[in-house]
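J.: All residue numbers for the sequence shown refer to numbering that gives the first Met the number 0, where the first residue is 0 and numbers rise by one.
Rather than coming from a laboratory, the hints here were simulated on the basis of the structure. Ideal placement from N, C-alpha and C gives every residue a C-beta, glycine not left out. Watch out, some of these pointers could steer you wrong.
Said to hold, decoys possible - In silico BS3-like pairs for lysine-lysine, Cα to Cα no more than 30 Å straight-line:
#1 K20 / K41
#2 K4 / K18
#3 K63 / K4
#4 K63 / K20
#5 K4 / K20
#6 K41 / K83
#7 K71 / K18
#8 K41 / K4
#9 K20 / K83
#10 K41 / K71
#11 K63 / K83
As the list claims (entries may be wrong) - Label pairs and their in silico Cβ distance ranges:
#12 A73 / K4: 31 to 41 Å
#13 R2 / A73: 39 to 49 Å
#14 K83 / G40: 16 to 26 Å
#15 R2 / K63: 43 to 53 Å
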Amino acid sequence: MGRQKHQPQRTCIACRQTKDKRELIRIVRTPEGQIIVDPSGKANGRGAYLCRRPECWDQGLRPKGRLAHALKTAISTRELEALKAALLALEPSGRP
0 MGRQKHQPQR TCIACRQTKD KRELIRIVRT PEGQIIVDPS GKANGRGAYL CRRPECWDQG
60 LRPKGRLAHA LKTAISTREL EALKAALLAL EPSGRP
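Based on the provided sequences and hints, a complete structural model is requested.
T.: As structure tokens, then:
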């Protein structure tokens with residue numbers, strides 16, 4: 000019998016549910032200090048994961064919310080708006 004391939008697990012910073020890494024969206028603070036959405040899951044820097052659920056986005060993407068805590072940095076309103084736009088662009092329906 001063949002062995003099942005290992006599926007990396009990650010935890011959503013908002014709802015704390017553990018899911019397969021590919022089911023979550025990774026947000027990264029790069030070594031240069033930029034905060035970006037990482038669809039490949041391979042960008043260099045400190046990462047945090049969010050579910051595709053709207054409640055998780057709302058909870059995670061607050062100025063002093065869980066994302067800022069997980070990335071260990073302050074996130075400006077401008078950066079939050081750019082993240083929201085990038086996340087919406089990833090979803091075909093415009094909202095998870």
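J.: Run the distance test for K20 versus K41: straight-line Cα separation, threshold 30 Å.
T.: holds (11 Å)
J.: Checking one constraint from the list: CA of K20 to CA of K83, max 30 Å. Satisfied?
T.: holds (20 Å)
J.: Next pair to validate is K4 with K18; report whether the Cα-Cα distance is within 30 Å.
T.: The given pair, whose Cα atoms are some 15 Å apart, holds under the 30 Å limit.
J.: K4 and K20 were given as a pair; does the straight-line alpha-carbon distance stay at or below 30 Å?
T.: holds (14 Å)
J.: When you take the CB atoms of A73 and K4, is the distance between them in 31 to 41 Å?
T.: Given about 39 Å between the Cβ atoms, the range holds.
J.: K63 and K20 were given as a pair; does the straight-line alpha-carbon distance stay at or below 30 Å?
T.: holds (25 Å)
J.: Check the following: the C-beta atoms of R2 and A73 are separated by a distance inside 39 to 49 Å.
T.: holds (45 Å)
J.: Starting from K41, check that the Cα of K4 is at most 30 Å away, please.
T.: holds (19 Å)
J.: Just to be careful, I want the Cα atoms of K63 and K4 compared with a cutoff of 30 Å; is the pair within it?
T.: The given pair, whose Cα atoms are some 38 Å apart, is violated under the 30 Å limit.
J.: Is 16 to 26 Å respected by the C-beta to C-beta distance linking K83 and G40?
T.: holds (20 Å)
J.: 43 to 53 Å was suggested as the range; check whether the CB atoms of R2 and K63 agree with it.
T.: holds (44 Å)
J.: Decide if the proposed pair is consistent with the structure: K71 and K18, CA atoms, cutoff 30 Å inclusive.
T.: Answer holds: K71 to K18 is near 23 Å, not above 30 Å.
The earlier numbered hint that this structure contradicts is number 3, and it is the only one.
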